[in-house]
Amino acid sequence: MYSDLNPLEPLALEQLNNVIQAIQGFSPQQKMWLSGYLAGLSTHETSIVSDKATEIQLSILYGSQTGNCRLLAEKFADACQSKGFSFQLTSLSEYKPRNISKEKYLVIIVSTHGEGEAPDDAALFYEYLFSDKNPNLKNLEYSVLALGDSSYEKYCQTGVDIDNQLKKLGAKSIINRVDCDLDYQELADKWQLETIEHFGNILAKSENNITPLSLIKPYSKNSYNRNNTYSSEILSLQKITTQNSVKNVYHIELNIEDSSITYQVGDSLGVVAQNSESKINDFIKNNNFDPHKLLNHKEQSTEFKQALMNLEISLINKSFLKFYADLGHSDKLKEIVDDHQKFIAYVSKRQVMDLLTEFPTNITEQQLIDNLVKITPRLYSIASSYINNPDELHLTIALVESSSVSPSHGLVSGLLCNQAAEGDQIQVYVEKNDHFKLPKNNDTPIIMIGAGTGIAPFRGFLQERKHLNAQGDNWLFFGNPSFENDFLYQLELQNYYKDKTLKRIDLAFSRDQDQKIYVQDRIKQQAQDIWQWLEKGAHLYICGNKDFMAKEVEAELICLIEKFGNKSTEQAHNYLKILKLNKRYQKDVY
Amino acid sequence: MSNNNKKLEGVELIKNKSHFLRGTITEGLQNQISGSLAIDDTQLTKFHGIYQQEDRDSRVERRKLKLDSLYSFMIRARVAGGICTPSQWLAMNELADIYGNKSIRLTTRQAFQLHGVLKKNLKETIAKINSSLLDTIAACGDVNRNVMCTPNPDTSIAHQSVYDSACQISHHLTPNTTAYHEIWLDKKKTESSVDHEPIYGKSYLPRKFKIVLAIPPSNDVDIFAHDLGFIAIIENNRLIGFNVTVGGGMGCTHGDTETFPQLAQVIGFCTAEQVCEVAEHVVKIQRDFGDRSNRKHARFKYTIDDRGIPWFKSELEQRLNWSLAAEKPYEFTSRGDQFGWSENHDKSLNLTMFIENGRIINNNKSQLKTAFKEIALLNIGEFRITANQNLILAKINKKDKETVITILNKYEVVFKQSKLIDNAMACVALPTCSLAMAEAERYLPNLLTQIENLQIKHSIQNRPIVTRMTGCPNGCARPFVAEIGFVGKGPGKYNLYLGGSFIGNRLNQLFRENIDESTILEELDTIFKDYSQNNLNNEYFGDFVIRKNYVQSVSHGSQVHSLTLEIK
Chain A
1 MYSDLNPLEP
11 LALEQLNNVI
21 QAIQGFSPQQ
31 KMWLSGYLAG
41 LSTHETSIVS
51 DKATEIQLSI
61 LYGSQTGNCR
71 LLAEKFADAC
81 QSKGFSFQLT
91 SLSEYKPRNI
101 SKEKYLVIIV
111 STHGEGEAPD
121 DAALFYEYLF
131 SDKNPNLKNL
141 EYSVLALGDS
151 SYEKYCQTGV
161 DIDNQLKKLG
171 AKSIINRVDC
181 DLDYQELADK
191 WQLETIEHFG
201 NILAKSENNI
211 TPLSLIKPYS
221 KNSYNRNNTY
231 SSEILSLQKI
241 TTQNSVKNVY
251 HIELNIEDSS
261 ITYQVGDSLG
271 VVAQNSESKI
281 NDFIKNNNFD
291 PHKLLNHKEQ
301 STEFKQALMN
311 LEISLINKSF
321 LKFYADLGHS
331 DKLKEIVDDH
341 QKFIAYVSKR
351 QVMDLLTEFP
361 TNITEQQLID
371 NLVKITPRLY
381 SIASSYINNP
391 DELHLTIALV
401 ESSSVSPSHG
411 LVSGLLCNQA
421 AEGDQIQVYV
431 EKNDHFKLPK
441 NNDTPIIMIG
451 AGTGIAPFRG
461 FLQERKHLNA
471 QGDNWLFFGN
481 PSFENDFLYQ
491 LELQNYYKDK
501 TLKRIDLAFS
511 RDQDQKIYVQ
521 DRIKQQAQDI
531 WQWLEKGAHL
541 YICGNKDFMA
551 KEVEAELICL
561 IEKFGNKSTE
571 QAHNYLKILK
581 LNKRYQKDVY
Chain B
1 MSNNNKKLEG
11 VELIKNKSHF
21 LRGTITEGLQ
31 NQISGSLAID
41 DTQLTKFHGI
51 YQQEDRDSRV
61 ERRKLKLDSL
71 YSFMIRARVA
81 GGICTPSQWL
91 AMNELADIYG
101 NKSIRLTTRQ
111 AFQLHGVLKK
121 NLKETIAKIN
131 SSLLDTIAAC
141 GDVNRNVMCT
151 PNPDTSIAHQ
161 SVYDSACQIS
171 HHLTPNTTAY
181 HEIWLDKKKT
191 ESSVDHEPIY
201 GKSYLPRKFK
211 IVLAIPPSND
221 VDIFAHDLGF
231 IAIIENNRLI
241 GFNVTVGGGM
251 GCTHGDTETF
261 PQLAQVIGFC
271 TAEQVCEVAE
281 HVVKIQRDFG
291 DRSNRKHARF
301 KYTIDDRGIP
311 WFKSELEQRL
321 NWSLAAEKPY
331 EFTSRGDQFG
341 WSENHDKSLN
351 LTMFIENGRI
361 INNNKSQLKT
371 AFKEIALLNI
381 GEFRITANQN
391 LILAKINKKD
401 KETVITILNK
411 YEVVFKQSKL
421 IDNAMACVAL
431 PTCSLAMAEA
441 ERYLPNLLTQ
451 IENLQIKHSI
461 QNRPIVTRMT
471 GCPNGCARPF
481 VAEIGFVGKG
491 PGKYNLYLGG
501 SFIGNRLNQL
511 FRENIDESTI
521 LEELDTIFKD
531 YSQNNLNNEY
541 FGDFVIRKNY
551 VQSVSHGSQV
561 HSLTLEIK
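If you read the sequences in order, they're chains A and B. Numbering of the first sequence is given in this note's numbering, commencing with residue 1 and proceeding in unit increments. Numbering of the second sequence is given in this note's numbering, commencing with residue 1 and proceeding in unit increments.
Just so you know, these hints were derived from the structure itself, not from any lab. Check the hints yourself; a few may be wrong.
Simulated coverage check for chain B against chain A, where a stretch passes if three residues somewhere in it have a Cβ under 8 Å from a Cβ of chain A [as the list claims (entries may be wrong)]: (1) 29-41; (2) 485-492.
Cut-off 30 Å, straight-line C-alpha distance, at most; resulting in silico cross-link-like pairs (DSS-like, lysine-lysine) [stated by the list, open to error]: (3) LYS500(A) to LYS120(B); (4) LYS64(B) to LYS466(A); (5) LYS503(A) to LYS296(B); (6) LYS516(A) to LYS466(A); (7) LYS128(B) to LYS516(A); (8) LYS133(A) to LYS64(B); (9) LYS500(A) to LYS17(B); (10) LYS498(A) to LYS66(B); (11) LYS296(B) to LYS190(A); (12) LYS64(B) to LYS503(A); (13) LYS64(B) to LYS247(A); (14) LYS66(B) to LYS524(A); (15) LYS154(A) to LYS296(B); (16) LYS498(A) to LYS17(B).
All of these numbers come straight from a predicted model, not from anything done at the bench. Yeah, the Cβ is synthetic: ideal placement off N, Cα and C, and Gly gets one too.
Could you build the full structure based on these sequences and the hints that come with them?
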């Protein structure tokens with residue numbers, strides 16, 4: 001196409017100036033994206049290939065106990081830099097182990113400590129590699145440098161293990177692993193030279209062959225909804241509170257790579273649960289139902305047991321209770337149905353099974369499935385950013401013990417946190433939430449106030465704003481019982497604070513001192529600064545418990561608007577109302 | 001080792017840029033998002049007596065939970081010569097309960113350690129230590145550490161004079177910076193208070209520096225294992241001065257033959273009045289000549305070893321502008337503590353008590369901590385920490401003896417021990433010490449029981465053997481001057497050293513490398529059998545293993561690991 005142009009100056013000066021002008025102010029990421037986009041336009045008329053915004057060609061990973069491996073890895077990276085390779089240097093402690101199956105070229109520098117044990121940094125990676133996940137690595141080419149101390153029995157064992165396991169998983173070792181003793185420098189230099197020489201041949205070639213990058217999938221039509229769910233694989237299911245915590249909070253990562261699902265930060269995920277096998281068996285057995293009885297369900301012939309899977313047998317709803325009261329001609333039940341207070345009191349402690357036992361009738365299987373409602377999906381605030389990682393969707397879920405609140409609340413959290421395992425499929429769909437959205441302007445400051453799992457959408461906010469290199473300041477208030485045991489996403493937040501994505505963070509750990517401290521107390525302490533941020537145009541977000549947290553926080557907000565805005569209580573309420581109207585004050589409370 | 005150099009420049013740079021040990025410690029204390037301080041600041045807090053530590057047992061698991069490591073701080077309080085008052089004891093006891101892990105650790109440098117103090121409680125803890133008239137400045141870091149001194153008042157009628165010298169040296173060499181008072185005690189820096197370190201300079205010393213004073217015949221402080229030592233010379237019950245020793249030190253690195261433990265040498269004699277002057281100039285020589293390019297080669301012992309004693313002596317005398325006198329005769333006969341009751345020259349009493357690994361704690365064996373608290377509440381006598389991590393209730397009136405015994409009995413504090421355990425010592429190691437490669441304090445008692453069984457099997461349980469264990473080769477419990485030394489190599493694995501002398505004037509030598517418990521016991525079983533059958537009348541174990549060629553007699557630190565070279 002460019003054959004008639006000077007290959008070194010393919011653009012006329014004027015054209016070049018236009019381009020330079022057009023991309024003025026673009027972030028490096030945007031520029032990188034644009035380069036791929038243009039490459040895509042040139043080779044195909046359309047532009048869809050890879051789904052990643054950037055393509056790192058060579059990954060340099062290190063696992064260090066005393067820092068020697070880190071230094072060697074940095075040296076290796078320096079050499080790659082001078083060769084002009086595209087690479088990424090990552091500590092194994094920061095590396096997501098399952099990404100290994102996406103790597104093509106890999107360098108690992110790892111030490112061994114104690115009796116053949118992996119250094120702490122590499123422990124999780126090591127564990128993953130030897131887990132039963134068996135990632136397929138047949139597209140991977142790698143080179144391993146192992147450090148050790150020959151006075152130990154299992155000399156360089158971690159490097160040896162990783163090397164062998166990579167081979168076993170199908171990867172190809174490009175040069176023999178090198179094992180180094182305490183005086184490692186010379187051997188390490190030689191290994192580096194040979195490794196770079198080998199990769200140099202491949203990576204240099206691909207320079208002329210720019211991989212076109214895709215456009216991000218457009219956010220508009222979600223084909224999935226509560227009646228047409230997507231079956232998503234649980235990639236990771238990790239408890240993120242310690243054993244000593246009074247809470248059980250889980251971080252869950254779902255695979256949406258092959259779906260058409262897209263979402264925006266602030267949206268919720270609907271999760272549709274089924275009743276557990278054991279629960280259904282108990283239900284059937286207690287009432288002497290016939291599990292295999294064929295019934296007419298939604299104009300199809302279905303076995304009773306099968307139909308029950310998707311019907312609400314935990315929570316008693318009013319229409320079912322009314323139907324049941326009529327069926328059994330029970331005055332007592334009718335009284336409960338007619339008095340809402342009594343109804344609430346009654347159903348708060350009972351499930352459908354309890355009702356059938358307490359007020360026996362001759363209800364048939366068909367009557368049951370005709371009158372029970374379909375299980376209502378539970379909604380959870382999404383805890384990740386789609387543009388940051390379009391392949392995954394993350395949730396932060398607290399396991400509610402079913403005995404502690406109402407019988408129904410624990411259904412989905414119990415399913416996810418107690419019964420499901422990594423690799424299982426769950427039924428999901430995205431529920432848009434237009435009332436919890438980041439400001440359109442990336443320069444606008446935001447204040448995020450969350451307690452407990454209320455941190456979830458803010459994790460997405462932070463991922464997104466960092467990804468976009470948004471210039472607006474971010475301030476987070478977070479509260480939970482204990483710093484030591486349930487500081488959710490502490491490591492991630494520390495990184496956001498370090499790289500200045502988080503400008504300020506204020507924490508309230510209620511049980512860490514004699515006097516309980518909650519987020520609203522921190523709001524009070526920082527009242528003047530909050531007021532200044534609001535006056536600068538900050539958007540305000542609250543996420544978490546409706547009754548305990550959100551109300552108290554709002555009361556403090558009114559106080560500070562009165563005090564620092566010199567307003568009457570009524571004016572302060574108005575001020576907040578106007579913020580709301582302008583979408584500058586948004587709540588996601590439950 | 002170019003990589004190490006990179007890091008070393010780091011520490012020198014941090015000190016130099018720290019603005020007299022301030023760094024960003026204050027900002028770090030205010031940061032709520034992390035239980036730790038900035039990495040560079042953790043180098044500086046050592047000078048303030050504070051080590052950042054993390055719970056290594058839970059580190060990997062917490063990372064999975066997306067939680068940062070569990071950080072806490074070890075605070076070391078200086079106690080010159082190991083002597084403190086009952087009210088100071090009570091202050092430490094209370095701080096251990098409120099902010100620490102409910103135990104007090106007595107150290108091999110006669111200091112106090114509190115463990116497990118959270119960042120948010122650091123400031124208050126340090127302030128309270130200071131209001132008890134103890135302090136933590138220079139308890140760690142590249143400065144002169146806690147000055148040690150034989151603590152037993154019954155050693156000599158001149159004990160008080162020697163102790164006074166220790167306090168003078170300690171005071172004389174305390175850093176001048178006001179950073180400590182600003183950061184921890186909220187003293188505002190005034191315009192007029194310009195920081196100046198006349199002895200240390202703004203980069204302080206290249207490495208830590210340790211000073212001890214010994215009163216013969218007791219070498220309880222291990223005089224030869226420290227950078228600078230003063231051996232008290234007492235004539236007619238009067239302190240006339242000190243023999244000066246220089247160039248000792250324990251720390252080395254596994255597998256690095258450029259590093260080694262070394263014993264100090266006697267270079268002459270000075271009077272008690274001259275002691276601070278000598279100490280100051282020795283410190284200044286190390287400040288000027290110590291190796292600042294390689295932290296592993298920065299201790300004073302290498303300065304001496306590289307340049308030789310004649311050079312050092314002439315440099316010192318030139319700076320002093322006078323010459324040291326010839327060394328006076330002295331004799332050491334032991335390193336251990338003499339347990340039980342003893343009487344002083346003024347007829348008051350001391351009770352020396354064995355404290356397992358120096359740990360003052362209540363456990364299912366006894367309520368040690370509560371017992372000492374109750375004794376401290378009587379406000380009688382003094383608490384003296386020994387160099388072997390034991391405790392002396394000193395200078396108690398005879399009339400109070402029964403009360404003390406009653407309290408000890410009430411809390412089931414029993415001191416019946418064995419010769420082996422009496423002479424044993426271990427450092428803290430896992431789970432808090434970041435240097436530890438293997439267990440020490442948590443494991444040694446268990447191992448000792450098994451070694452003792454072997455001694456009983458061979459009927460040598462009445463022979464004292466100095467046994468020490470550390471979790472790494474830095475040597476906090478001075479393992480290289482033990483008759484049996486264990487130095488951690490990896491989980492459950494130790495290097496076994498033999499042949500140190502009973503009184504601490506000969507280093508030991510590596511006998512077996514990287515062995516586990518069963519191998520340790522097998523080896524000792526064989527040697528104990530030989531010892532029981534072939535020892536010459538009252539021959540010490542350390543001397544026996546050399547005569548029988550289990551190891552060689554070491555005359556220079558570089559020979560401690562000569563075995564490693566042979567194997568390679």
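Now the hints, each set against the structure:
no.: 1; hint: 29-41; in the structure: holds (count 4)
no.: 2; hint: 485-492; in the structure: holds (count 4)
no.: 3; hint: LYS500(A) to LYS120(B); in the structure: 23 Å, holds
no.: 4; hint: LYS64(B) to LYS466(A); in the structure: 23 Å, holds
no.: 5; hint: LYS503(A) to LYS296(B); in the structure: 40 Å, violated
no.: 6; hint: LYS516(A) to LYS466(A); in the structure: 33 Å, violated
no.: 7; hint: LYS128(B) to LYS516(A); in the structure: 25 Å, holds
no.: 8; hint: LYS133(A) to LYS64(B); in the structure: 17 Å, holds
no.: 9; hint: LYS500(A) to LYS17(B); in the structure: 24 Å, holds
no.: 10; hint: LYS498(A) to LYS66(B); in the structure: 16 Å, holds
no.: 11; hint: LYS296(B) to LYS190(A); in the structure: 26 Å, holds
no.: 12; hint: LYS64(B) to LYS503(A); in the structure: 26 Å, holds
no.: 13; hint: LYS64(B) to LYS247(A); in the structure: 17 Å, holds
no.: 14; hint: LYS66(B) to LYS524(A); in the structure: 29 Å, holds
no.: 15; hint: LYS154(A) to LYS296(B); in the structure: 26 Å, holds
no.: 16; hint: LYS498(A) to LYS17(B); in the structure: 21 Å, holds
Violation of the numbered hints given earlier is confined to hints 5 and 6; the remaining hints are satisfied by the structure.
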